[in-house]
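K.L.:
With the sequences and hints as input, model every part of the structure.
Chains as they are written, first to last, in my numbering: chain A, 1 to 291; chain B, 1001 to 1116.
Please note: incorrect hints may appear among the correct ones.
With a cut-off of at most 20 angstroms between alpha-carbon atoms, the simulated DMTMM-like pairs for lysine to aspartate or glutamate come out as follows [stated by the list, open to error]:
{"#": "1", "chain 1": "A", "residue 1": "Lys126", "chain 2": "A", "residue 2": "Asp12"}
{"#": "2", "chain 1": "B", "residue 1": "Lys1026", "chain 2": "A", "residue 2": "Glu172"}
{"#": "3", "chain 1": "A", "residue 1": "Lys132", "chain 2": "A", "residue 2": "Glu170"}
{"#": "4", "chain 1": "A", "residue 1": "Lys127", "chain 2": "A", "residue 2": "Asp12"}
{"#": "5", "chain 1": "B", "residue 1": "Lys1085", "chain 2": "A", "residue 2": "Glu134"}
{"#": "6", "chain 1": "A", "residue 1": "Lys126", "chain 2": "A", "residue 2": "Glu172"}
{"#": "7", "chain 1": "A", "residue 1": "Lys117", "chain 2": "A", "residue 2": "Glu172"}
{"#": "8", "chain 1": "A", "residue 1": "Lys206", "chain 2": "A", "residue 2": "Glu261"}
{"#": "9", "chain 1": "B", "residue 1": "Lys1085", "chain 2": "A", "residue 2": "Asp12"}
{"#": "10", "chain 1": "B", "residue 1": "Lys1057", "chain 2": "A", "residue 2": "Asp46"}
{"#": "11", "chain 1": "B", "residue 1": "Lys1057", "chain 2": "A", "residue 2": "Asp188"}
{"#": "12", "chain 1": "B", "residue 1": "Lys1057", "chain 2": "A", "residue 2": "Glu205"}
If you want the footprint, here are the derived chain B segments under chain A, 3+ residues with CB under 8 angstroms [as the list claims (entries may be wrong)]:
{"#": "13", "segment": "1031-1039"}
{"#": "14", "segment": "1043-1052"}
{"#": "15", "segment": "1071-1081"}
So these bits of chain A aren't anywhere near chain B, every CB distance computed over 12 angstroms [as the list claims (entries may be wrong)]:
{"#": "16", "residue": "Leu69"}
{"#": "17", "residue": "Ile104"}
{"#": "18", "residue": "Glu113"}
{"#": "19", "residue": "Ala180"}
{"#": "20", "residue": "Ile201"}
{"#": "21", "residue": "Glu205"}
{"#": "22", "residue": "Glu210"}
No lab work stands behind these hints, which were simulated from the structure alone. Source: prediction; values computed, not measured. Note that beta-carbon positions come from the ideal geometry of N, C-alpha and C, so glycine has one too.
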Amino acid sequence: MEIPYTVTARPDTGLWNAKVGIWLFLASEVMLFGGLFSAYVFLRLDADPGAWPHGLLNVPVGTMNTAILIASSVTVVLAWAALKMRRYNAYWWYMLVTILCGVIFLVVKLAYEWPQKFEHFGAFIKKDKLEKYEKYLGNHHLAERGLPPRMEISGHLHNHEALHDANVKEYEIALDPVNADPTNPAMDRPHFLYVPATDKIATIEKEDVEYANMFLPKHSAYFASYFTITGLHGAHVLGGVLVFIYMWLPVSKKLYKRNPEHLANRVEVAGLFWHFVDLVWIFVFPLFYLL
Amino acid sequence: MDEHDEMIAADGHAVPDEHAAHNVAKHVRKYLLVGLTLITFTAITVFLSYVNFGTMKANVAVAMLVATFKAGLVAAIFMHLSNEKQLIYRILIFTAFFVLGLFFLTYLAWYDPVTR
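P.N.:
What follows is the structure, encoded as structure tokens:
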């Protein structure tokens, strides 16, 4: 079947068809991500004071991934421009860089950031037991400074069997710096550089704990929204990379030789999708990593 | 040329594709500049998040302001929205209306006319 108006404008819309198609699709994407972001706003504004965590994600790595995504947005628009100027070689290189950027973004997310969270542990202390763990929480110090309280003790779980075995009555945690030294003013706000768990071990009785788990989606509303939104965003990055690979392979050179404008329009449309994915990340990054 | 006539017929001041191709070269510099601006503002966002603006709400507002500016740049320049056809704008006006409605639902969740 021959699809009409691939390179010329349709008289009634004034646009080639794919352009209208991608914008309608992006409109539905705005609603998809909009729904999730509005859920995020709801969960966050409704969280008890101190219940929404800060500084749990690795900021330098997140910043690097943001820069990588922005760079790939630039290279994809340059790839399109190269096709418009009929420079296929330049197009090929720009496309390759775009694909590599997308792959690096995904590898960092899936092989480093997510697994690091899965290995991290946090226990929310019952409200009436907070005083017992004051030396790890430093809530008197925080109250003096007018800061929200800490309810969670986090770090590296030593006895993993505690998660499943009811006979194990306590969690042994190598504490995160914030719980190892909670009254240090330097811990009042999140750090820029990632700080690994300390050697200081805390023992927390299970019966004092409201809820405890590894940093999985079910750990908290924060991680549920983090994994949902970054997961969906990651799926979009993967989709974009696959489409770009198709447009970069020799099969697309055939189209280029037959009708270069058609390939340019395809790249423009895929690029529009890619910029949208970049645009979503521009909001994800500050909301989850920084604030 | 047929293509040319068609585009003029569709939109009184449409630019023929050949002409557009020559214009692309001029835009390349602009794309690079926008990319640099975006990366610079990413660094600014990170920096500002470690500045205490008094309340968390103020910090969120500042970060969202910067993010909106960045998103605007991406939409206007990379996605060519600064110079797009009527139909696209019409689609997006509808989208904006409904997505704002979505966020308004979040607000409604707190609205309680009985106990307040």
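K.L.:
Are the hints correct? Go through all of them and say.
P.N.:
Do the hints match the structure? See the list:
1. Lys126/A with Asp12/A: Violated: Lys126/A and Asp12/A sit about 64 angstroms apart, past 20 angstroms.
2. Lys1026/B with Glu172/A: Status violated; Cα separation ~62 angstroms.
3. Lys132/A with Glu170/A: holds, 14 angstroms
4. Lys127/A with Asp12/A: violated, 65 angstroms
5. Lys1085/B with Glu134/A: violated, 62 angstroms
6. Lys126/A with Glu172/A: With a Cα-Cα distance of about 17 angstroms, the restraint between Lys126/A and Glu172/A holds, given a limit of 20 angstroms.
7. Lys117/A with Glu172/A: Roughly 18 angstroms separates the two Cα atoms, so the pair holds.
8. Lys206/A with Glu261/A: Cα-Cα ~65 angstroms, so violated.
9. Lys1085/B with Asp12/A: holds, 12 angstroms
10. Lys1057/B with Asp46/A: holds, 14 angstroms
11. Lys1057/B with Asp188/A: Holds, at roughly 17 angstroms.
12. Lys1057/B with Glu205/A: violated, 35 angstroms
13. 1031-1039: Holds: 6 residues of the segment 1031-1039 of chain B have a Cβ under 8 angstroms from chain A.
14. 1043-1052: holds (count 6)
15. 1071-1081: holds (count 5)
16. Leu69: For Leu69/A, whose nearest Cβ neighbour in chain B is about 10 angstroms away, the distance does not exceed 12 angstroms, so it is violated.
17. Ile104: Answer for Ile104/A: holds, closest chain B Cβ roughly 15 angstroms.
18. Glu113: holds, 16 angstroms
19. Ala180: Given that every Cβ of chain B is farther than 12 angstroms from that of Ala180/A, nearest at about 21 angstroms, it holds.
20. Ile201: Non-interface label stands for Ile201/A: nearest chain B Cβ at 30 angstroms, farther than 12 angstroms.
21. Glu205: Holds, since 32 angstroms exceeds 12 angstroms.
22. Glu210: holds, 23 angstroms
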